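Asks: Once you have looked at the hints, place chains B, C and D on chain A.
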Amino acid sequence: MRLDVIVRVTTKFFLPFMLLFALYVQLHGDFGPGGGFQAGVITAATVILYAIIFGLAPTMRLVPPIVVESMVPLGVLIFLGVGIAGFVTGDNYLNYSHLAHDQVHGQELGVMLVEAGVLVTVCGTMIAIFYTFADRGRS
Amino acid sequence: MTDAQLVTLAVFLPALATVPISLAASRPNLREAISLATAATTAVVVLSLVPGVIAGARPETARFSIFAGIELGFAVEPLGMLFASVASVLWVVNTIYSIGYMRGNGEPRQTSFYVCFAVAISSAIGIAFSANLFTLFLFYEILTLSTYPLVAHRGDEEARSGGRVYILLLLGTSMVLLLPAIIATSVLAGTLDFTQGGILAGTASPVIIALLLAAYMFGIGKAALMPLHFWLPAAMVAPTPVSALLHAVAVVKAGVFTVVKVIVYVFGLDTLTGIGANEWLIYVASASLLLSSLIALTRDNLKARLAYSTVSQLAYVTLGAAVATTTSVVGSSLHIAMHAAGKITLFFCAGAIYVAHHKTEVSQLDGIGRKMPVTMAAFLVGSLSIIGMPPFGGMWSKWLLGLGALDAGQAFVVAVLMLSSLLSVGYLLPIVARGFFRPPPGETMEEVKVKEAPTACLIALMITATLCVVLFFLAGDMQLLLEGMFAPPAQL
Amino acid sequence: MIEHHLPALLVVVPLVAAVVTALIRHGIAAYVTTLVASWTLPVMALMLLGQVLDGGEVSYALGDWAPPVGIEYRVDGANAPLLVLVAAMAALVATYAPRSVASEIDIGRRGWFYTMFLLCVAGLLGIAITADAFNAFVFLEISSLATYVLIALGRDRRALLAAYQYLILGTIGATLYVVGVGLIFVMTGSLNMGDVAARLAGIENTRPIFAALAFITVGISLKLALFPLHVWLPNAYAFAPSMATAFLASTATKVAVYLLLRFLFSLFGTDFVFVQHPITPILLALSLAAMFAASFVAVFQEDIKRMLAYSSVAQIGYITLGVALATQTGLTGAMVHVLNHALIKGALFLAVGCIVYRTGVFRIDQLAGIGRTMPVTMAAFVIAGLGLIGVPGTVGFVSKWYLVAAALEQGWWWLALAIVASSLIAVVYVGRIVEIAWFREPSSRVRAGKRLPIEMIAVTWVMAGATIYFGLDAEFTAGLAGRAADTLLAGLAGPG
Amino acid sequence: MSQVAELLPLYNYWITIFLMISGLYIVVARGNMVKKLVGLSLFQTSVYLLYLSPGKILGGTPPIIAEGFEVYSAPLPHVLILTAIVVGVATLALGLALIVRINEAFGTIEEDELFDRDDDDA
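Chains as they are written, first to last, in this note's numbering: chain A, 16 to 154; chain B, 122 to 613; chain C, -14 to 481; chain D, 115 to 236.
FYI, nobody ran anything at the bench for these hints, they're computed from the structure.
Looking from chain D toward chain C, a few residues come up when the C-beta cut is under 8 Å (computed):
1. Gln158
2. Val161
3. Tyr165
4. Thr197
5. Val201
6. Ala204
Quick caveat: nothing in here was measured; it's all calculated off a predicted structure. The beta carbon of each residue, even a glycine, is placed where N, CA and C say it ideally should be.
Here chain A stands alone, though its shape is the one from the complex (with noise of 0.2 Å):
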């Protein structure tokens, strides 16, 4: 597959709106259908067409396997530390009301926040799945 030039061309292509559908799709997860959890699994779908396309060894040169399996518990701890920065404006637990300057902008930012969390956790779970089995039986 690696020769064929038509594929590696449109894939070539292709990726920057994967990328970009992503991150409209993550963005606009406020408005309407959307968020981190389906960003995420976009912007893993990106990584494993390039894997599929350009092989397995490429792909982990381009996003390491340690990156991968920080991206999980680092998007937690965003997650965590949004929820812990309510204690730190004086709220309880994953109040975002006093993020920002008013309460409708803080709750808008955190939430943000949060679903940027999600999307590091999923995309990097996503990837890690992915590397872990089409790993196997190579070695």
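Replies: Okay, now just chains B, C and D, sitting in the frame of chain A:
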């Protein structure tokens, strides 16, 4: 020190001594010196309480609350005073004996032997001084557990299976019958404190009271009431000092002590006789008494014969408690002391014979009296005391038991007592006769050389034999002490 | 300020620590994080307990969303002792862990192991603290998933099978639970336990609610290993790493018991469950079956950890027996046995961990003479074993006292006898170990071995000492249990 | 007849029950570990349906506030089930990972064969 502090000291001193004893494991002389010193101190502490108790004092320690009204605490009353004195005094003698026996036999793991022994004595004194059923039960179980390693001490298959029977039967009866009985008492009476006149009066129907009595009597497995007696012969695999002190004095006496204590202070004599719940116990105890005497006649192994004799003598105490008159209960309690002195002498002699000649069966004892004249003389004294001849202590307790039975109108009990005395003549005196009047196999009377057990053993058995005689003369004082059980509390 | 946030912190701290250990991955650094985080837990749990003892209930609204809309964390007399138990066990086991884990788990997986341990702790604390039925499910799954991994990290390859088996049964249990919660949600429109309790009042006798009761009871019973739903437990405990076994045995099933109690008493209500429906005889029969059958099976085990695992199934029978009686004394007995059995089993499994560390021996017949070569460890084992039997002066006695007293209060003599008779079987299996350990000549396998680290022996003795201490000074534990029973029987007030 | 008429509109529950029971049946009846896991997934999926279907109000819109719409479907079940799905995925992933390792360690994922080998070990 106040009396209350002395009581606490008496209970915990032997237990505390386990620390220096274990630390001195590599230095046998020091270890045994500590054991002996502790034993002597404990005995002095316990005996120092006696005059006060005779005068009517009832020292009590502070209660320590465990949970929901269950308390840990000690209180001295005449019966406990007597039992504690017996256990602590005989521990001193037994320690002397153990030193000779354990060294003479080259037994393994002597340190754990002394440690377990100290814990056992601690719990025996704890039982004696316990202020309520919970405390008594706590120390009762510790006594079982601490003596299990002593029974299984030798570690071979026979010892292990003896240990199994021992722990299963004693723990089993206490868990399955005694514990529910105690909890039921707590639920019914709302208290567990030993109280003069009993705590169960009027709390439940006669049927429940009778059932509870059965649960107590068979739950106290240490009292070896038939058919739950067979742990005692099984426990005879233990080294002889263990059989002597624990299975003639501390453990079994803790059992019958508990029986008397429960009947007097939990049920109350009047409650029992009032509803006639004690009738069946008289018959069971009598049967136990006679049957085990008969079995003792058939046993050739010396320690087994003594064990069955113990079962029979324990039934005396239960019988006296079951008759439930003040005189019979005093007789019962007195028998705890009298039988202890007599039986420990006999066991000491059995052990001495084993150390010196490695003989265990009665049929091997021909001519032993010529080889070990001192030992066999002591054996004779012990036997006569058990049988109940004057001038030995055993006479008085039987006398009072008989009087008590007549008070209660149970003439047949007197017949049982006399019959069993005859039986004990039958299983004890032939041993003495064989020892003195038959020549040893393969030798003639003239060429027999004297070969006694180690001196420590001899000293010990001479002391206890003397004690049998001394107790005959102390019986009056002891009776005075015990009658305090029924006297109204003195105002001090 | 910090006191106010304690309910959230109790769950967040182990979660953050779990994430941090997953990020750093390095064995020693991960361990230090685990240790520090675990020791903050009992401090916080005790502070919460203090608040509860002073002023009744503590309620915490996550994100300041007022319950019943938002998720509420709620600490009252029923769960505060459990929080203390889980937190204290986590701290003790974490202290015990480093060298035991190092000897049993490959170096590359140690960081991962600590992550899972902390996740499990967070999940268990979460189940205990949350007042939201669905949130409880999420925490249940967090702790379960972490548990499956912990078990799978065991040395023996059979650990994988044990983990798989537990995964299947555990998931079925959790799913049944969530089905029941779903039915309640459909009927009441609420997930907040207090709110549900209030809304159930009028509609109890409808088919969905009765179905919910059945689903939830069976589902949680799977997690708490109620006989005959216990089949996952023996293998799971036998093959998990020593430290994980000790922690799980003393906390996981206990938290499930709490959840069951919460539903039966607080949500559905004592009257609905125990008076209108025949739960008592069913639960009683199963408890008795557990007490006898599982104890009996324990006697014939070859592997010491399996033996203790079967004994756990039996001991859970005592707990559910107290629950089945549904009286103040019975519930006190159940709750106090939750605490006491945790101490006992913790001590036993930690002692086994010491044995395994030093000799690598699991099989009982190879333990000959171990009492002479490892006297200190085995003494702790015996003390805890006596607790299992229920000898006075140990915690087991306190539990047994309450249970027997509860049976006698009902006038059920046969039940009182059954309780004490079943503990005799414990005498047999504990006695068997004692006999082999002391009255057989030591074999070469138990003579050789590494020196035992001080922290392992110290923690084991702390636990064993606690079985004695709380056996002699039971006012504290029995008081807490009595308070928990009162709280449960009083029912649950609406969200506050 | 009247009973059928009464029960028919509750078809969503019938589907839930059917899925639940078939899932559970597969878990119990199949010896292949992967198939068991498939059954388990099916079992969990049925719960999603149980939560979601009563939340839908006929004629209601997605719960986003907008002019002119008064009736919304319940949002809470979706949030709950999103969480449940994540849990389900995690369980499935972990189960599969375990199966892979079991296959490596034992060389089979058939339960009856595994139990034979298990006995050899003991």
